[in-house]
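Chains as they are written, first to last, in my numbering: chain B, 13 to 484; chain Z, 27 to 235; chain X, 2 to 508; chain C, 1092 to 1395.
Hints were generated in silico from the structure; no laboratory data involved. There could be a bad hint or two in this list.
To be verified - Partial pick of chain C residues on the chain X-facing surface, computed with a CB cut under 8 Å:
{"id": "1", "residue": "N1172"}
{"id": "2", "residue": "K1284"}
{"id": "3", "residue": "L1287"}
{"id": "4", "residue": "E1288"}
{"id": "5", "residue": "E1356"}
{"id": "6", "residue": "K1366"}
To be verified - Listed below are the simulated PhoX-like cross-link pairs for lysine-lysine, each with C-alpha atoms no more than 20 Å apart in a straight line:
{"id": "7", "chain 1": "X", "residue 1": "K118", "chain 2": "X", "residue 2": "K129"}
{"id": "8", "chain 1": "Z", "residue 1": "K50", "chain 2": "C", "residue 2": "K1359"}
{"id": "9", "chain 1": "Z", "residue 1": "K102", "chain 2": "Z", "residue 2": "K165"}
{"id": "10", "chain 1": "C", "residue 1": "K1391", "chain 2": "Z", "residue 2": "K49"}
{"id": "11", "chain 1": "X", "residue 1": "K436", "chain 2": "X", "residue 2": "K463"}
{"id": "12", "chain 1": "C", "residue 1": "K1366", "chain 2": "Z", "residue 2": "K107"}
What the hints assert, rightly or not - Label-pair distances were calculated between CB atoms; the ranges are:
{"id": "13", "chain 1": "Z", "residue 1": "I162", "chain 2": "B", "residue 2": "V413", "range": "26 to 32 Å"}
{"id": "14", "chain 1": "C", "residue 1": "A1389", "chain 2": "X", "residue 2": "R406", "range": "41 to 47 Å"}
{"id": "15", "chain 1": "X", "residue 1": "N486", "chain 2": "C", "residue 2": "A1389", "range": "46 to 52 Å"}
{"id": "16", "chain 1": "C", "residue 1": "L1217", "chain 2": "X", "residue 2": "I159", "range": "15 to 21 Å"}
{"id": "17", "chain 1": "C", "residue 1": "A1190", "chain 2": "X", "residue 2": "N486", "range": "31 to 37 Å"}
{"id": "18", "chain 1": "Z", "residue 1": "R217", "chain 2": "X", "residue 2": "F331", "range": "27 to 33 Å"}
The beta-carbon is built from N, C-alpha and C at its ideal position, and this holds for glycine as well.
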Amino acid sequence: MFIFFIIISIVISFSIFILKNKIATNILPIVFLILLIMLSGYAYMNINKTENYFFTYDSLGVLFTFVLTILSIATYYFSRSYLKNEDYSSRKVSVYYSALIMLITAIMTTYFSNNFAVLWVSIEATSLFVSMLIFFERTKVALEAAWKYLFVSSIGIAVAFIGILLMGIAVSNYGLTDLSFGTLSNVVKSMNTYWLKISVLFIVAGFSVKLSVFPLYAVAVDAKTIAPSPINAIMSTALVNVGFVAFFRTFAIISHTPILAWTQNVLFIIGLFSIFIASIQLTRVKRLKRAFAFSTMEHMGIISLGLAVGGIGYYAVILHIVLHSFVKAGLFYQINKIHSIFKSKWINDFSAYFKINPLAGLSLILGFISVLAIPPSGLFVSEFLIFKALFLSHQYIIAVVALILLTVIMVILSKIFLTILFGNVQENIKVDKINPLGNIIQLSFFGLVIYLGINPPPFFMDLINSSISILN
Amino acid sequence: MNFLFIIIYAITLIYFAYSERVKKFVWLLSVQGFVLFGMVFSSLKEIEIFDFIFILTETILVKSIIVPWFLNRVRKHNGLKRIHEPSIPVFYSVIIVILTLILSFVLSNNILNSQMHTQFFTVAFASVIFGFYFIINHKNIFSHLVGYLIIENGIFMISLAVGNTMPLLVNLAVLLDIVLGILVLGVFLNRVGNTFQSDEINQLTELKD
Amino acid sequence: MIDLNKIAKIKNNESISLKDIAIIDYEEFSHIVIELLKQPENHCLSYFAYKSNDNLQFIMAVGDDKNHNILLLSHLLKSDEKPELESLTKEIFALHIFEREIHENFGINFIEHPWLKPVRFANNRANKEMQINDYPFYSIKSEELHEVGVGPIHAGVIEPGHFRFICNGENVLHLEIQLGWQHRGIEKLFLDKENNLQRNLLAENIAGDTAIGHTTAFAQTIEALAGKQLGKQRHIERALALELERIAIHTGDISALCTDIAYHFGSNVFGILRTAIINFMQFWSGNRFGKSLIRVGGTHLPFTEELKVELLDVLSKYEKQFEEMVYITFRLPSVQNRFDFIGIVSPEQARTIGTVGLSARMSQIERDIRVSHPNFAYQEFPYETITAERGDVFARFLLKKKEIRKSISWIRNVMENYNFDASQNEKPDYQLKLKPSSFAISLVEAWRGEVCHCAITDEAGKLKHYKIKDPSMHNWKALELSLRNVEISDFPINNKSYNLSYCGHDL
Amino acid sequence: MISLLLILLSSLFFVGIIIQTKAKIAARKMPSIFQPLSDVIRLFKKGAIYSSTTSIIFRAAPIVYFSSVLIAALFIPFGGNVGLLSFYGDFVFFAYLLAIGKFLMIIAAMDTGSGFEGMGANREALYSMLVEPAFFILAGSIALFTNNVSFQELFSNLHIVSSLSYSISVASIYVLIYIALVENSRMPVDDPKTHLELTMVHEVMVLDNSGFDLALIHIATWLKFAIYGSILANFLIKNTWSIYEQIGVYFVIQIAFAIIVGILESFKARNKMSKNPQWIIMLSAIAVVSFLTALIVAHKIILN
């Protein structure tokens, strides 16, 4: 089934690319979305089923697929308005959609792959398609960002590949020939810890490009600054989740080996450094998207901490990343709106958004509350759980330092939000007819976050719990 | 016989550190491709026709013919300067590459694993480390691409050392990486060359706030 | 905007009555000069002073490269006035050398000139107390720096000149060049000798490697003063000789550059090739440098159809070997490594110091008399300027090669389209009657750059002042600039790549 | 004894062959092969002139330089025959003997107080310093390879059998040829023909030497070339050959070496001065690689 999905997606993407006409760009993406919904339903039905040898519908994958499906639908909606607003040629539009469809397919492949090689190949594929989308506007800056993203993520992925190869040593010791996660987690236990440590370092450092955490955070931030906002919504959420999947799978393999404690320390370092760098960088940002890119980095830092601390942290981490996906997506859709109203990308050019567009202002406030993890945001619940886990495992220093840094970030982001929301209306701002549907989608995202945080439905909890069951 | 190729590979790394000419970089990459082929060929225990064809395409065709040809085209298309000035003087680069090689040989000596061909590690580590150094050291995009390819060659050798039992999957990954990476990177490089009128990396600073 | 109507305008190789050159006061003069020279198409050809009834008359010739005009400006410093003028150098740096020369000759104090000192220590210098031995070199006081002095006597067989380097280790921070050891008082000799043949011989010896260039300029100046119109063929012959001289010297330079980087193969082959060309000159004129070929008012050695056959033969042989050797040399990595990015003079710098000829063209400045002020031959057979981009030694090396090719194709064009007529043989006329109280100017693009000769006659039609400007005057400064932040061991190749004239500068 | 005779003999024509090769390539008339010899004889006939600023060092330097090179020549073995002097670790002594002579030349150049000579001495000192590790690493790797530490035993135990030992000897010969070029101040490091003081290295150092002293310096240079040529020859000569074969091959190698030098100098431009250090360190780098190879061959590094 999954291999058919990939083939059909490629066919759809390719035909959009070839046909280049309005009908294709209007209809085919919808066909793809329907396919996506069907696949996520199918995956949920056949949970833990292995298909085509390389793919397994495991709970984490299914959970993320749900998120991706919802985001894809929203992204499609906002992409339409984005493309219409700027009035791009049908050729560019077709490139946009075909790349987007391939990106979503590649992301799906990473979620479901049960094998390091396939995971690695599909992550490589995501960088290719993302860089095509980053370059979409064809400006000098876009080119710069796309080039840097492609180059550094290629290097990051090469580094990760070295790690995977080293892990392959363990497998080859047993005369096995596949790199599936199941096999690996069975054999690495008896592997030389020295080599295992090196391989973990390589893998983590390499995939940090995708998770946009320390050490290779910079290019992802740059890319997110430049990419079209709907793409940004995918990049900061589903693509980051790809990085998380890679981290998580590696961690799952390691979790039963003697180097677990060491790996946890590595993750602590990554997490703390990411939050620290994000807070430093946030003091200097001038572009709105960049601010949010660093906010993503901060959240991913928290997730690393949660993954490192374990226990209740595992649950919180999955919850956090799912909720973060919805919040960030909603915010990026909103940023798209802000940019098109103020015709600028710089924070200093924005003011009095609340007066100009009250409904959007309201949803921005809600997003603001959500992203800063202020109750009733669901992120508050997950963050609270992570810090609780930190304190429970006596990581006081880390917890306190992280909290202080989070406070700093909160202050800076609040300042940015206040600048945008209030102040005097600028003279040259003309507001077009406001379509409430977009805001409703965002509001429903933020509502979903609150709902999932406070009262998670049982199937959702089940998925999370079964995802983390391999860790415990 | 295998050691001979390893030694030649080590010497190509030294030449990479030594030379500043763009043409030389491309040429050296091509040589490395042939050396890699030699390595694979001499370490093959029995020749299976499919494996053999695959390796032939990957090393000779891709690494030493297509990629250098493509890079040469990019170089000419963008009218790159003949010399790429590194930020660290060549003198120190040569010393660094020597140290890297020694380190890498000593490291490989300490690996005790009967399953691996530790001989490949000797230059593979050096190649990866040097590739990173090369990227850091050079200021321009084209050289970055070259550095990336040096890393790729190092990875290829690690996969030779490790992937005795599972060559196909590993090689497929490397091949995909090279073809997609280089073609797309190259296309972007062309565009960068067209847009920025210069191949210096310090031109690419508009993104910083 | 300035009113250009007031300013006297002539073409190249023309004369004008002195009274048609309006004398304006210095303030207006400076204003006009600054306005003019700020435009990139204008550059100063010559600026000199001469004694006229105890007063000092200054004349400046500005070349307008776009409209092919030469603008003449003049101002007067009365004998009772204080010998002081506001320096124009601080606005137009290219004038520094002219003001220094006037300072040398007449002791005029140019106020706020950045580095006012005599160009050379001529016999007829104004301030006899200044000695060349206590020449004020620029110096930097620092513990880390040291000075290296080279010359005036050199290890190779070259002319005298002193080079003072201020170095930081192997790197040159500053180079100052002091010339003037070669001063012969040529300009004065032109006035002393009454006979045009004697003058003609003098012109051939202004600079040995530019014999044709200087002699042509001289002959054209005198002919302009006499108002004599030469036949077409003479002009074409002169241009032909000029191009042959260019090919020969450029080939020699390429050979010498190869020698300096110890590429002996190239050095030898290009040396041999140069011989082929100068041997043809010997065949034509009896002298390898073309001396005695160009004479005032005509020539004893007209170019003939037989010579044409011979020349084409020589050129085709030359070209074949040249192309082969060029293919090897210019691609040789060790040669490229040696020349690339060394001694860069940026287009802005080159424009500021007012370089001419090859030194200007190496940094994208299209300054070429053959195009901007063509004489008859280049009007009939137009020449296109070629420039190089980077302004480094390699650019100069490359430009020499390209100019050789261009010259050969120009000669071929002439050979194919012009039939030399043996009946047109004007003999030299040394008794030409010069117009009284006139000014004449002649510009020639010699191989090194523009050669400018100016002459002024008195009321009786005798030469009153003769002014020679060799392109080296401007271009030595380019050498100084290209040495900045270059290793001292790269000085020889820089020097050779310009191959500037000592005697042409010293006069 | 025989090796000393051979070195002396071959030194007579070595530079002559280089000059002849270069002349041949440049399509010029060749000077006699003994032209350098007659130049030196002419110099011997002249008296030396000393600058008034120089001290005893300047006068002593050429003699010390010459004798150090001459003594160094005594260490060179030939085929199975031991050199006149030979002891445990003599190649270290050999290298420092040459260094002493060079050192004296350098301070003698400083002694003249001329700016140029100081500059040249400075450059020469730098290059000698850089080339030293190359020589020692190379000697070390051959010592490791053969398990011996004196010249004679190094060469007599050198068995080139496997492909790796071939690669070691190829690398060694390559490095040795270039070490010889650097030590003798030839192209691409230095141009012996140049007339430009600013680019000179060795030539500018001996600018103030004249007559007898200059002749000694010239002869020392020839000897040095012949010494390096002999070392190269020792690489290739097999002990099992008869003595006549060995002598024949020896001269062939010496002549080939001279011709190679001549060809190198004709078809290549010299290095940029700032490129020289990196060019010389390159030799050390290649020597290191051959050292690593020797380690593998000697099973000091165990790889599978």
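Legend entry - Violated constraints from the hint list, given by number and in increasing order: 1, 10, 14, 16
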